[in-house]
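J.: Work out the full structure, taking the sequences as your base and the hints as a guide.
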Amino acid sequence: MTMPRSERELVVMLRERTENPPAAPERGERAAALGQRILRRRRAVRASLATGAVAALIGAALALPDGKDDPIPAEAVPVSVRLPAKVPLPAKAGHLFRNENLPLIQSEQHDRMGEPVRLRFTALSTDTIYNVRCSVPDSWLVVKTDSPGRAADIGRCGPRDHLAQFDPQSAGTAWAGRPHTWELWVLPPEAEINGTTDPEKIDKVAARTGTRPGTWAVGIYDRRK
Amino acid sequence: MADRSGFTGYVEEHSDRLLRLAYLLTQDWARAEDLLQTALAKAWVAWGRVSDDPSPYVYRILTNTHASWWRRRWRGEVPTARLPETARPDPTTAFDDRDAMWTALARLSDRQRAVVVLHYFESLPLAQVARILGCSVSSVRTQLRRALLRLRVDPTLQALKEAR
Numbered sequence: 001m002t003m004p005r006s007e008r009e010l011v012v013m014l015r016e017r018t019e020n021p022p023a024a025p026e027r028g029e030r031a032a033a034l035g036q037r038i039l040r041r042r043r044a045v046r047a048s049l050a051t052g053a054v055a056a057l058i059g060a061a062l063a064l065p066d067g068k069d070d071p072i073p074a075e076a077v078p079v080s081v082r083l084p085a086k087v088p089l090p091a092k093a094g095h096l097f098r099n100e101n102l103p104l105i106q107s108e109q110h111d112r113m114g115e116p117v118r119l120r121f122t123a124l125s126t127d128t129i130y131n132v133r134c135s136v137p138d139s140w141l142v143v144k145t146d147s148p149g150r151a152a153d154i155g156r157c158g159p160r161d162h163l164a165q166f167d168p169q170s171a172g173t174a175w176a177g178r179p180h181t182w183e184l185w186v187l188p189p190e191a192e193i194n195g196t197t198d199p200e201k202i203d204k205v206a207a208r209t210g211t212r213p214g215t216w217a218v219g220i221y222d223r224r225k
Numbered sequence: 001m002a003d004r005s006g007f008t009g010y011v012e013e014h015s016d017r018l019l020r021l022a023y024l025l026t027q028d029w030a031r032a033e034d035l036l037q038t039a040l041a042k043a044w045v046a047w048g049r050v051s052d053d054p055s056p057y058v059y060r061i062l063t064n065t066h067a068s069w070w071r072r073r074w075r076g077e078v079p080t081a082r083l084p085e086t087a088r089p090d091p092t093t094a095f096d097d098r099d100a101m102w103t104a105l106a107r108l109s110d111r112q113r114a115v116v117v118l119h120y121f122e123s124l125p126l127a128q129v130a131r132i133l134g135c136s137v138s139s140v141r142t143q144l145r146r147a148l149l150r151l152r153v154d155p156t157l158q159a160l161k162e163a164r
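Going down the list, the sequences are from chains A and B.
Per the numbering used here, the very first residue in the first sequence carries number 1; after that it's consecutive.
Per the numbering used here, the very first residue in the second sequence carries number 1; after that it's consecutive.
No wet-lab data here; the hints were simulated from the structure.
All the given hints hold, so there is nothing to weed out.
Quick partial rundown of chain A residues pointing at chain B, CB under 10 Å, derived from the structure: (1) Ser6; (2) Met13; (3) Thr18; (4) Pro22; (5) Gly28; (6) Arg30.
All C-beta atoms in this analysis are idealised placements derived from N, C-alpha and C, irrespective of residue type, glycine included.
T.: Following this line, the structure appears as structure tokens:
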């Protein structure tokens with residue numbers, strides 16, 4: 001049993017953890033551009049509600065990016081993406097005393113962003129980990145799983161490991177020993193994704209963004225039989 | 001047309017601090033930046049209404065947006081239900097202890113984490129935390145008590161240490 005900590009220690013920990021945040025110039029300009037987009041969408045919805053289907057079509061056209069305030073698309077980096085052969089069980093997940101590495105049992109590499117990929121694999125244990133690396137920093141990654149407890153994830157993806165693992169509740173009781181089919185999307189950094197984006201409608205976001213070259217790889221790590 | 005002339009100045013003055021707050025909610029700098037961008041964009045839209053005192057509004061958007069993202073956002077490593085414990089207290093492992101506290105912070109509910117961060121990092125009184133989160137002060141107290149319990153923080157300890 002660890003000793004209780006004081007409030008002072010909590011404050012110190014919070015301050016220490018937030019030292020040296022990454023710099024982000026033009027944050028205000030980017031927020032204003034995103035705010036303008038929100039306003040344009042709202043006006044388009046209002047217009048469609050007010051004047052019916054014809055206006056709705058115009059509104060949809062207005063809601064499309066006009067390119068004026070959109071960030072410049074990231075340069076595609078046509079390099080190979082290599083996944084590590086093994087990854088450790090996450091220490092922060094309570095496996096502190098299980099110094100164990102899981103081997104790569106399956107992987108796929110793709111060279112375009114903006115296209116859906118179906119990933120089929122069989123989970124061999126309840127410790128299955130998936131890992132995605134994207135050659136273009138700050139790409140968007142959407143993983144639509146077949147797990148009832150956790151239907152979809154949206155997150156950023158870059159050249160480093162992006163590891164994730166279900167906990168037993170999220171995975172569901174029929175996780176191990178069963179084949180799974182997931183749908184993965186990797187979209188360019190400028191894709192219009194924000195806190196209101198519905199993962200189930202990511203195909204529409206992808207259609208607006210378009211496809212472009214960009215290597216990414218996904219791997220499944222698990223215990224071999 | 002709303003007057004948004006003060007928006008850029010507000011962002012320049014406060015965004016580093018707001019990013020830190022977002023990081024404490026998300027524990028991921030990239031996600032924190034996304035969360036902050038979303039909150040600032042919404043603040044930009046509402047600037048005509050909130051420009052007199054935008055921070056409470058931005059705090060509310062940060063905490064609400066993070067709560068709505070949480071279920072479908074990339075979580076990275078998924079914590080288990082128990083804290084990593086050492087067999088006995090080790091005074092030489094302060095950093096390990098803070099690591100454990102950081103891990104425990106990730107396991108709090110969104111509301112509990114928001115209460116902890118707003119109160120202990122932003123130093124906001126509980127009444128103001130309650131206004132930001134749209135709940136009663138007693139509810140905030142309850143959330144804070146539960147959070148401290150899970151973080152193994154004993155509020156009486158500091159007073160005892162200072163009395164020594």
